[in-house]
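Chains as they are written, first to last, in numbering that gives the first Met the number 0: chain S, 0 to 391; chain F, 0 to 321.
No lab work stands behind these hints: they were computed from the structure. Any given hint could turn out to be false.
Unchecked claim - Pairwise CB distance ranges, derived in the manner of DEER restraints: (1) F:Pro177 with S:Arg276: 27 to 35 Å; (2) F:Asp179 with S:Pro6: 30 to 38 Å; (3) S:Pro57 with F:Pro99: 56 to 64 Å; (4) F:Arg251 with S:Ala41: 35 to 43 Å; (5) S:Pro6 with F:Ser134: 45 to 53 Å; (6) F:Ala34 with S:His180: 52 to 60 Å; (7) F:Ala50 with S:Met309: 30 to 38 Å; (8) S:Tyr361 with F:Arg62: 50 to 58 Å; (9) S:Ile144 with F:Leu253: 55 to 63 Å; (10) S:Ile144 with F:Met0: 50 to 58 Å; (11) F:Gly318 with S:Met236: 43 to 51 Å; (12) F:Gly147 with S:Asp338: 45 to 53 Å.
As the list claims (entries may be wrong) - Which stretches of chain S does chain F cover? Using the computed rule of at least three CB atoms under 8 Å from a CB of chain F, they are: (13) 1-9; (14) 67-80; (15) 282-296; (16) 300-311.
Every value quoted in this text rests on a predicted model; they were computed, and no experiment measured them. Just so it is clear, CB atoms sit at the ideal spot from N, CA and C, and this is done for glycine as well.
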Amino acid sequence: MKIIESPELDAFRDECRAWLADNVPREKRPPEGPAMRDFDLAWQKRQYEGGWAGVSWPKDYGGRGLSVLEQLVWHEEYARAGAPPSGSMFVALSHAGPTLIVSGSKAQKARHLPTILRGEENWCQGFSEPGAGSDLAALKTRAVIDGDHLVVNGTKIWTSYGHLATWQELLVRTDPDLPRHKGISWVICDMRTPGIDIRPIKAMSGLTHFCQVFYDDVRIPLANVVGEVNGGWRVAMTTLGFERGTGTIAHQIELSNTVDRLIAAARDLPAADGRGRVIDDGAVVADLATLRAEVLALRSLTAASVSRGMREEVPGAEGNIVALWFGELSRRVHAAALDLLGPRGLERGGDHDWPLHYLEAYKWAIGGGTSEIRRNAIGERVLGLPKGPSAR
Amino acid sequence: MIVDLHPTEDQRMIEESVRAFLADRLPVERLREPAHQGGAAEAAAWAELTALGLFGLGLDEARGGLGLGLAEEALVARALGLHLVSPSVVAQMIAPHLAPDDALRAALVAGETRAAFANRIGEAGGHLIDGAGASHAVLLAGGVALIGIDALGSPEPVDAIDETVRIARMLAAFPAAPRDAASDRALLLLAAYLTGIAQATRDMAVAYAITREQFGQPIGAFQAIKHMAADMATRAAAAEAQCFHAAVTFGRGLDDGIEAAAAALLAETAALANAGANIQIHGGMGFTAECDAHLYLKRAHLLASLAGGRRLHQRRLLGTAS
Ligand SMILES: Cc1cc2nc3c(=O)[nH]c(=O)nc-3n(C[C@H](O)[C@H](O)[C@H](O)COP(=O)(O)OP(=O)(O)OC[C@H]3O[C@@H](n4cnc5c(N)ncnc54)[C@H](O)[C@@H]3O)c2cc1C
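The following block holds chain S by itself, in its conformation from the complex (with noise of 0.2 Å):
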């Protein structure tokens, strides 16, 4: 345990700090749709632009080919100058980058990772399936092998940005023989094929940002497998392992400020008997500060598991630890949130939708694996306990 610091880790985080700041988009983010797309790359373009995309990438796809501590760096300027979540972008950035990175071939490389970085194409990842949700090993999506190319036949579900995105990272089912784990393939897919028919679906909170995928003979080209034909199961869980990386900084550093802006409008609101102010409810106190301690350890926690990472190449079980914490703790801040703010909490809309927030906040408990599933995987795969039915 140390603090690490440099001249040179100073220069670079100003360098990052300067350039932040002239170049943070002014304008407010679309909340969907090709409208939000569109910005997302045109910012991912910017960053490219500036020097900044892919800090820890190859330098020979189009990245900087700094360490990890740089990367890091700019993960925490970056949400400490409010820049927009990578969004349509996330998984190009966060899962489908990285896992080529590590699993795909020179050409797989080659022909995507500069796009990516440049903000001209986009990633949606092709997993979840309506029978294959927790269980992932059970996807059925069938490809079979004709000539130089899969012909790919099934469904996926809970896309995000599945209708806005140019690629997929689509799991198959290459071989129904095999056992579960052992007949799938990691491929990439072209979401412009022949074939590909896409619903959109509505969240609760009212926004689109997931979609249902249908695939109808779709052909995919047999080069564009990552990892051996009937290998994808162990592709995909590296790209799973990297959800849980230094991409959560951002949105600790966002469930931190909520906090702090809670704990003002307590300190500011009338108390609902209309004596004193909310703060002076000692409950109120415990509530408020237990999750102050507990944003805290959120950030405690991903420093732990940053240094974590800096000596291990692909993401452990620990992961879930954080995860696990991160998405509890995000559904409390924002439900203490409406029960704090009374009626007028509850009104959409205004300069920050409360309401909104504390509705999608219910997805970080559920995508990417459950709550449930993460505590199989801690128990069985952090502390060792006999194992049950799943774990991922």
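For chain S, the structure is supplied; the task is to place chain F with the ligand on it using the hints.
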């Protein structure tokens, strides 16, 4: 500033040597024997504890210490919590930092002069904890101060929740001490001790869940148990990360008071909740005085109280504490 929470090679060595020593000389089972309670086993191992360098660990070399930092002290305090070592050993680690002169400081570092914790109860007196052999008290009263035990009046033994420590009631009016950097350092060591309890109870519960069988399988295969264990691990990890983050960054521009209060709040919660869950996972055995599970619960309550209690940490976190 990038905070690396991975232990360095040196830190790992310090921690391992302390843990190995404690596992050998002060295993938790010792507390089943009244003769080893109340700091007696620690007194018997005092020369070795001193030789391990525990009491000058975080003190500058110029002041007679080893020149290490708060992070190393916190690692040791956590190891002490794992083995339910007498709180007086933690008091002895804190005391040299508070000593007003070189002679007293040197005597404390050398273990010749001994200290124990005292805490204030309202306006009227307080408790002295495992005070046998101690001439000085590390007084936890708002802030922290080192005072002569004589000043506290004559001790009256009382029975308290944790029968493995000896508690005496002192009736003199305890002076209040200001909250400052020294008291936040002390608070962090108490929090680290509590994370040790959270960790030990997690490990004890997991070990039992792997071996105990019902319905033809290890109880750890049941999700109700597995998820309880996962929550224990998560609480312990959060408390620990916060403690060590606060220790490493201490004096480096963060709000140390808030960071320490957060560590103490999370550590108290993790220690108490994990100690309770450990009892639950042990079933009927967990409810007995023959199983060590209760020892952790009782010590967790004592340490949580020494650290000031959750209400105080909460008020500090919001800046509403006096
Ligand atoms: C906002 C959002 C975005 C998403 N984006 C994507 C995406 O881009 N790409 C993609 O592929 N997927 C995506 N997902 C899908 C996500 O990964 C799945 O929703 C998730 O894995 C759960 O699967 P499920 O919905 O089928 O629920 P189920 O697996 O049916 O779970 C239902 C309930 O049963 C519980 N459960 C299931 N199995 C167990 C078990 N073994 N032990 C204990 N409890 C169990 C679950 O915890 C849950 O409470 C997204 C989901 C959300 C909410």
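| said: Need the list of violated hint numbers for this structure, in ascending order. | reply: none
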